[in-house]
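Visitor: Single-letter residue listing:
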Amino acid sequence: MPQRHIAILLSGLALTSLAGCASLVPHGDTAVTPAKQSQRALAQATDCCDTLAALPYQSLAVGESQSLTLDTQAPMHRFEDGASYFQAFELPRTREPLTFKLTSTIAKDQVFAPTVLILDEDFQPTQRVTSDKFDYLSPNGFAGARLGATFDITPGPNATYMVIYSNETARQGTTQYESAEKVYARVRGLALPPGPDPIAEHSATGNVTLESESRETGGGLLTPILGTRSHADSVTETRSATARDKQASQSSAGASTPDFDYRRMINAALKADDIELAMQLAERAEREGHSGTRAWLAERLRSVSP
Amino acid sequence: MRDSRQFTRRPLLAALIGASCVMPALAHADINPNFFGYARSGIGSTAGGGSQTCFKAAGAPAKYRLGNECETYAELGLGANLFDQQGTTFDFASRVAYVTSQSNDDESLKGDDNNIALREMFVTGTNAVSGLPDGSTLWAGKRFYKRHDIHMNDFYYWDVSGPGVGISDIDVGTGKLNFAWVRSSGSDSDNLPDEDQRLSDDTVDVRWTDIPTNPGGSLQLGVDYGRASLSDWQKDYYDDAGIDYDEGDKGWMGTIEHTQSNWFGGSNTVALQYATDGIITSNGNAVGRSTGSLEQEGDMWRVLDSGHVWLMPDKLDLLYAAIYEDKNMDDDSGRKWFSAGVRPVYYWNDIMSTAMELGYDHIEPQSNVAGYDGGDHHLTKLTLAQQWSAGRGAMIRPTIRLFATYAKWSGDAYEEQLSAEGYRQAHALDTGSGPNNVDFNDTDGLTFGAQMEVWWGS
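Taken in order, these protein sequences are the chains called B and Z. By the UniProt record's numbering, the letter at position 24 of the first sequence is numbered 24, and the numbering carries on one by one without gaps. By the UniProt record's numbering, the letter at position 430 of the second sequence is numbered 430, and the numbering carries on one by one without gaps.
Since the hints were derived computationally from the structure, they do not count as laboratory data. Accuracy of the hints is not assured; some may be wrong.
List of simulated lysine-lysine pairs, DSSO-like, C-alpha gap at most 30 Å [said to hold, decoys possible]:
| id | chain 1 | residue 1 | chain 2 | residue 2 |
| --- | --- | --- | --- | --- |
| 1 | Z | K110 | B | K182 |
| 2 | Z | K110 | Z | K176 |
| 3 | Z | K235 | Z | K110 |
| 4 | B | K108 | Z | K315 |
| 5 | Z | K408 | Z | K336 |
| 6 | Z | K142 | Z | K110 |
| 7 | Z | K142 | Z | K250 |
| 8 | B | K182 | Z | K315 |
| 9 | B | K271 | B | K182 |
| 10 | B | K36 | Z | K408 |
| 11 | B | K101 | B | K182 |
| 12 | B | K108 | B | K271 |
| 13 | Z | K336 | Z | K250 |
| 14 | B | K182 | Z | K408 |
| 15 | Z | K142 | Z | K176 |
Under 10 Å between C-beta atoms, here's a sample of chain Z residues computed to sit facing chain B [unchecked claim]:
| id | residue |
| --- | --- |
| 16 | A93 |
| 17 | I211 |
| 18 | S218 |
| 19 | H308 |
| 20 | V309 |
Just so we're clear, the structure is a prediction, and the values are computed from it rather than from any experiment. Ideal Cβ placement from N, Cα and C applies to all residues, glycine included.
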């Protein structure tokens, strides 16, 4: 009996060793460059392009989730608010409102704090989702600790291109996050581990995922998104608010956002003949403090009706 | 065509706009449910035949769990933030636990080895009591209350969960104060005329937590006092029967615990506990609450150290635990228990890892123990597991693992004679941890199988 036990145990050892050898082939390894190293690499990197118009824009497929390469191999540009690795996209030539969800994963005590820049057809900045508009999202077993924001863009002459990068001010900040041990304690009803939560440095590189969805097909997504989304601010307003990037931890998106975005979205919905969506948007705008949006929509409907 | 569509939509628009006049009042009634929980399940066999045997030293309150869990166990929880205004929040949480012997597809939850249990149903009100420091939380209902455990052997050493009420996390500048009153119940079927007549045990739990001591270190101190709350007729009955209930129903437990974070990339916890009389039992695990017994007298010392460290950053980490417990019962039914274990895990990449768990339990019974080997006995368990997980780290889940476990113990596994019900009786091995498929006189055993483990919740 003992000999047979030993034989089976040795077989098990051999199997697991083989499995280990097989895994030496890279498999889903997420390389994370240490923050200091990526900052040094960024300082030495060459600007890819003289102007925003020269950035390498990729086409963006709606309805897909894609991992963005934001490592030291990504293109670098010196934006007006600092040098950064970036990814740039040409928005689909649709006038339908689109919902974007951008998440940046916290790994190894660091995170890429994104800024989203929207350019018009002449490559001039028109809107911006700054890093302080990204919420900290707790790990929940289905996804790790991360920064995330959801925002709506209606492609058109004023919103033709999207650039995702991280500005210099954001990289001075940090994000406090929940450790795996604390998550376990929280969901099992254990005493929470004492001591402060760990802190993630904002890094020049990171793991960022971009998801997009057409609002026409996004009925199921609509409700949760409307509940937590951020808004693409006008460039003018955001510039004055960049000092907030210095805040150590991320907080929820500011409540005071212009109704510009809502009315654009409502216009787009009306153009698409989707009055129900327009009304939902108006209601949501009212609830978020944009009083008058409902009346404005009623007026719009009156003007286009016989 | 266009006109007709607009004609049909205008009344809808009017209705919605009309209805929306009342909507702002309901805006904060939106509920985003929080789904949280824990689960483990798998399949296993014992070399030589039969389903998986799980190895636990008889008399020990815990066993090293990697590759050594024979049941499907799950906790499914639902909760929600119900109110959040001007800094005051009310949250609801509930949790149902399920256990089956994982022997069939269709398993009743009312069978001998199976169960469904309501474990939590409570509401917390943070900053609900004015005048208390920010973060103070009033709560009521049944709940898991600030439980302390060692994950590697599933050993709970401070756990006064149950129905209760309390106020927690009162920031006093140096740490936080927590007060709770919780209930557990027993039944004295040997003495009371009706075994359904319950003995209500009350425990008062007072903790001073988060006391800063050194960089990255914090201390917590706690006292639990429990006693049976006898009704007048129960007291009369015991008085008439000449049963002394004055001492055995009462007991207290004191806990001093220090946790060090920034400890080789992880943390270390060391705890010292002392408990008396009604808060301990000879066979059960002393966790700080009353036990439902009237005549239990003795005391218990327990010291433990456990933690998690990274030996090679992102490549090799280690869970470890060491426990010494001396339960000295007046009727000599106690025992000493020493336990130590390590679980190093090597991470081949972000997904796959190899884990090894080595655990040792030693039991030294007092002279009057019943139900298992009355002499010193010990159990050593070694498990090797190949794991696939959602990331690196000892506390990252979900995990799917293939495992092989070898265990060796002193003396016969079980008593040769079956119990009156035809079940095997414990000797060196406990019989309550699942199927008992090694021979009664075996001194070692090998099992293998697969298991998943997951927890989640935001």
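Visitor: Now tell me if each hint is right for this structure.
Guide: For each hint, the structure was consulted:
no.: 1; hint: Z:K110 with B:K182; result: violated (33 Å)
no.: 2; hint: Z:K110 with Z:K176; result: violated (42 Å)
no.: 3; hint: Z:K235 with Z:K110; result: violated (35 Å)
no.: 4; hint: B:K108 with Z:K315; result: holds (13 Å)
no.: 5; hint: Z:K408 with Z:K336; result: holds (20 Å)
no.: 6; hint: Z:K142 with Z:K110; result: holds (22 Å)
no.: 7; hint: Z:K142 with Z:K250; result: holds (22 Å)
no.: 8; hint: B:K182 with Z:K315; result: holds (21 Å)
no.: 9; hint: B:K271 with B:K182; result: violated (49 Å)
no.: 10; hint: B:K36 with Z:K408; result: violated (50 Å)
no.: 11; hint: B:K101 with B:K182; result: holds (26 Å)
no.: 12; hint: B:K108 with B:K271; result: violated (46 Å)
no.: 13; hint: Z:K336 with Z:K250; result: holds (22 Å)
no.: 14; hint: B:K182 with Z:K408; result: violated (35 Å)
no.: 15; hint: Z:K142 with Z:K176; result: holds (22 Å)
no.: 16; hint: A93; result: holds (9 Å)
no.: 17; hint: I211; result: holds (9 Å)
no.: 18; hint: S218; result: holds (4 Å)
no.: 19; hint: H308; result: holds (7 Å)
no.: 20; hint: V309; result: violated (12 Å)
In this structure, the hints that do not hold are numbers 1, 2, 3, 9, 10, 12, 14, 20, in rising order.
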